[in-house]
Amino acid sequence: MAEKKNALTMVVSEKHLEKTMAAMIMATTAAASGMETHMFFTFWGLNALKKGFSPKLRGMMSAGTGMMNAKMKKLGIATWSDLLSMAQESGVNLYACNTTLQLFGFKKDDLLDGVRIVGAAQMLKMASESSVQFFIG
Amino acid sequence: MAEKKNALTMVVSEKHLEKTMAAMIMATTAAASGMETHMFFTFWGLNALKKGFSPKLRGMMSAGTGMMNAKMKKLGIATWSDLLSMAQESGVNLYACNTTLQLFGFKKDDLLDGVRIVGAAQMLKMASESSVQFFIG
Amino acid sequence: MAEKKNALTMVVSEKHLEKTMAAMIMATTAAASGMETHMFFTFWGLNALKKGFSPKLRGMMSAGTGMMNAKMKKLGIATWSDLLSMAQESGVNLYACNTTLQLFGFKKDDLLDGVRIVGAAQMLKMASESSVQFFIG
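Residue numbers (the numbering used here), protein chains in the order written: chain A, 42 to 178; chain B, 42 to 178; chain C, 42 to 178.
In case anyone wonders, no lab produced these hints; they're calculated from the structure.
Identical chains blur together in the list; that is why a pair holds if it fits in one copy or across any two.
Calculated lysine-lysine pairs in the DSSO-like style (CA-CA distance at most 30 Å, straight line):
{"no.": "1", "residue 1": "Lys46", "residue 2": "Lys56"}
{"no.": "2", "residue 1": "Lys92", "residue 2": "Lys114"}
{"no.": "3", "residue 1": "Lys115", "residue 2": "Lys92"}
{"no.": "4", "residue 1": "Lys112", "residue 2": "Lys166"}
{"no.": "5", "residue 1": "Lys166", "residue 2": "Lys46"}
{"no.": "6", "residue 1": "Lys56", "residue 2": "Lys166"}
{"no.": "7", "residue 1": "Lys92", "residue 2": "Lys112"}
{"no.": "8", "residue 1": "Lys91", "residue 2": "Lys114"}
{"no.": "9", "residue 1": "Lys148", "residue 2": "Lys92"}
{"no.": "10", "residue 1": "Lys112", "residue 2": "Lys148"}
{"no.": "11", "residue 1": "Lys149", "residue 2": "Lys115"}
{"no.": "12", "residue 1": "Lys114", "residue 2": "Lys166"}
{"no.": "13", "residue 1": "Lys149", "residue 2": "Lys112"}
{"no.": "14", "residue 1": "Lys148", "residue 2": "Lys91"}
{"no.": "15", "residue 1": "Lys166", "residue 2": "Lys149"}
Model the full structure from these sequences, guided by the hints.
See below:
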């Protein structure tokens, strides 16, 4: 089988703040410490790669999300769009799930520049070669 | 420690369509590419192994699930029961969590034929030997 | 890259019974079978390390949680606080996410004795060296 390398592969299947931010903070931390990093966005998670997306807390009024965002700002945690830029600049690989793209009728142009469209088989190959793999559900 | 092999172990803890379908699509993709594949169904996830089960989207009216199923059909994505058959035919191993079975009072006869009942220790051993492991939460 | 050892690293991001209990049962099972075990509690999951915490089922009335607890007791499954004690006695390492602690304004004193505060980089290092890694979402 393929040898493991110092890499992180995450499958992100949710769009809520508690999951997308957790994944993105892990991704930027991994990249900063020299890990090759792959994020594969599938099902609801694919929304997080749409231009202009801003994550919300699950099942909360927008006031709850606003308060959380204010607290994160105070702690110096970057916003979703800033984290995405940081991630891309530091070499984090962003992938959109091929099947989900068709399922939701999204166009490649709806997604951030630089996102690659791949299938589950390619994601599994990356995960097989990565020392850490997480499904963010 | 045990050597890693080209294998995928998933713990499926939810019964909703977005999670069970994602897991099953990964499983059939893995098996098709020659990976040994293990799916361990626990807690709410165990419902997905009951005869006649059909997954629904979380927190949606049944109309939402019907629309999603129609879109999936159009894209050629098999139904849950067809995916299960495909998985079993291609050698995907299905396991029911021993403790959950007792907790929910399910009988072995409630579950699909071919499902094996195992405990967490056996699942951890499989995961230890697998190149990819995911907890589908 | 770091060599893998016979170890389990889990990131616990939810506080509900279905996720915290699943994680803790896996942790105590792993420790009992000789695996080095690390649990990193982040976001909502950090609540589960507060003194006096008792997990509830997601989206259920408290009657539902009470019934589940009664069934679990009947099956000999320990309560959350007993499982935590068992885990600590058997060497399971409990970590609180540094960033979440600040985000929620928790004090170290709010958390169980013996919990260590670490960041995402340290968690990723543990996960890299572990034969099994799960994100409990």
